[in-house]
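Chains A and B, in that order, are what the protein sequence lines are. Number 163 in numbering that gives the first Met the number 0 belongs to position 164 of the first sequence; there are no gaps in the numbering. Number 159 in numbering that gives the first Met the number 0 belongs to position 160 of the second sequence; there are no gaps in the numbering.
Calculated from the structure, these hints are not laboratory results. Ideal Cβ positions, reconstructed from N, Cα and C, are used throughout, including at glycine. Certain hints may be false.
With a straight-line Cα cutoff of 25 Å, these simulated SDA-like cross-link-like pairs (lysine to any residue) come out [to be verified]: (1) B:Lys104 to B:Gly139; (2) B:Lys72 to B:Pro188; (3) A:Lys85 to B:Glu128; (4) A:Lys85 to B:Glu125; (5) B:Lys168 to A:Pro63; (6) A:Lys85 to B:Pro188; (7) A:Lys56 to B:Gln48; (8) A:Lys155 to B:Asp134; (9) A:Lys85 to B:Lys72.
A partial selection of chain B residues facing chain A, derived with a Cβ cut-off under 7 Å [to be verified]: (10) Glu125; (11) Val133; (12) Val136; (13) Leu211; (14) Asp212; (15) Leu213.
A few chain A residues that don't get close to chain B, going by computed Cβ distances all over 12 Å [as the list claims (entries may be wrong)]: (16) Pro26; (17) Glu27; (18) Asp28; (19) Phe29; (20) Pro41; (21) Glu49; (22) Tyr62; (23) Pro63; (24) Ser64; (25) Gln72; (26) Glu81; (27) Pro88; (28) Gln124; (29) Lys126; (30) Lys155; (31) Gly168.
Each chain, letter by letter, is given below.
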Amino acid sequence: MWIRLLLFTAALAVSFASLARGTYQQPEDFLQDTFAGKVPQPQVVWLRGELKTEVEKLLGHRYPSLRVRYWAQGNRSAWILEEVGKDLPITTGIVVDNGRIERIKVLTFRESRGWEIRYPFFTDQFKDAALSGDYQLDHRIDNISGATLSVRALIKQARLALLLHQHIGNNSVPP
Amino acid sequence: MSRHRKHRLKLRSLYVWHRYIGLVAALFIAVLSITGVLLNHTERLGLDQHHVQTDLVLDWYGIHAPQTMTSFKVGTRRITLFGHHLYLDTLELPGTHQQLIGATKFTDYIVVAVDNSIFLFTPQGELVEHLDGVDGVPSGMRSLGIDGFGSLVVDGGHAIYQPATDFLKWTHWEGDAKAIEWKQPAPLPGPLYRALVEHYRGEVLPVERVLLDLHSGRIFGRYGVWVMDAAAVLLILLSVTGIWMWLRRGR
Chain A
0 MWIRLLLFTA
10 ALAVSFASLA
20 RGTYQQPEDF
30 LQDTFAGKVP
40 QPQVVWLRGE
50 LKTEVEKLLG
60 HRYPSLRVRY
70 WAQGNRSAWI
80 LEEVGKDLPI
90 TTGIVVDNGR
100 IERIKVLTFR
110 ESRGWEIRYP
120 FFTDQFKDAA
130 LSGDYQLDHR
140 IDNISGATLS
150 VRALIKQARL
160 ALLLHQHIGN
170 NSVPP
Chain B
0 MSRHRKHRLK
10 LRSLYVWHRY
20 IGLVAALFIA
30 VLSITGVLLN
40 HTERLGLDQH
50 HVQTDLVLDW
60 YGIHAPQTMT
70 SFKVGTRRIT
80 LFGHHLYLDT
90 LELPGTHQQL
100 IGATKFTDYI
110 VVAVDNSIFL
120 FTPQGELVEH
130 LDGVDGVPSG
140 MRSLGIDGFG
150 SLVVDGGHAI
160 YQPATDFLKW
170 THWEGDAKAI
180 EWKQPAPLPG
190 PLYRALVEHY
200 RGEVLPVERV
210 LLDLHSGRIF
220 GRYGVWVMDA
230 AAVLLILLSV
240 TGIWMWLRRG
250 R
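Same shape as in the complex, but just chain A (with noise of 0.2 Å):
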């Protein structure tokens, strides 16, 4: 009897995880319901000179490649950032309005455990937030027991893109 309940559970903790993994959002519907369906043309941010190393005292690491691509409209900007939780990376959209998170959504989580991090419970705490002076967010985040390093991940993401958006100085973008 208490060995079929451990099989059992057992195996509902292992489909469980298995069905938290995975594509919640294509990245081209997260763009369509960001720009009501008129997604603009890419752009691209080199991450050179000071804006280089500002984003790797940012993230602790390297970003993985030498451009981002995001998209602009008016004083909003769209980006897909991608940052490793504990080992495999979690694609995120955030969307920045005037310097603040609009938005923000877990795109595609592909690790074990941490896939807390997707609900709207925890991903609504990054409205309005903005950079501080030292690239912190100026609004607290709290954590998810067991999802830390998944929390610590969509944090620097958040970070990252308010970076970003300060760097391409949003006025210029044609509305």
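Got chain A; can you put chain B on it based on the hints?
Just chain B, lined up with the frame of chain A:
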């Protein structure tokens, strides 16, 4: 024979057994102690990050180079998919991949098409950008080519596509398809193949795995585990005979 003499003979025999058991167990104690201490400090010593390079150990574990490989010439250099690992010459590029579709030099980039993605690298092997569907990369890519004007084209199966020089926009390509030079895989030169085999094998087996297997005896297969179990029994016997003798000598 007096009782005292009998007692001395018994004790002597026990002492001899204790000595032999100790001698046999010594080797196992050394292996268990050394591997145990090292395993206690796996992270600090980076044993899970360092990999075994010794051919003898790699052969023992049956780690061989993959049979499947695809390689493309990019100027004087090579892009090769070896197993699931992508290499620029002998420099391993990030990620794991299933199929190398093509590779070519275009403007300042080395363009590599793998699976449903395109990777742009600098000539030094630094990743410039990873492009996929959301960035306009056509799905179902078949090959990469250079058209008569020196521009990059991609065979998307049902149509040919062309990226802008900065890869921010993709358009349908129209023109004389016969003028396109489609990139074809080329055989891997012997020295590069051997270097990749060495690199590939040297990235597979963490030192921690070997230490764990030595500690448990699994390095010698299922019988190794029994040998280590026997060693554990010897250690128990050693402690029992030691305590027994100590108690007897006290009488």
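For each hint given before, does the structure comply? Return the numbers of the non-compliant ones in rising order.
6, 9, 12, 13, 14, 15, 16, 17, 18, 19, 20, 22, 23, 24, 26, 27
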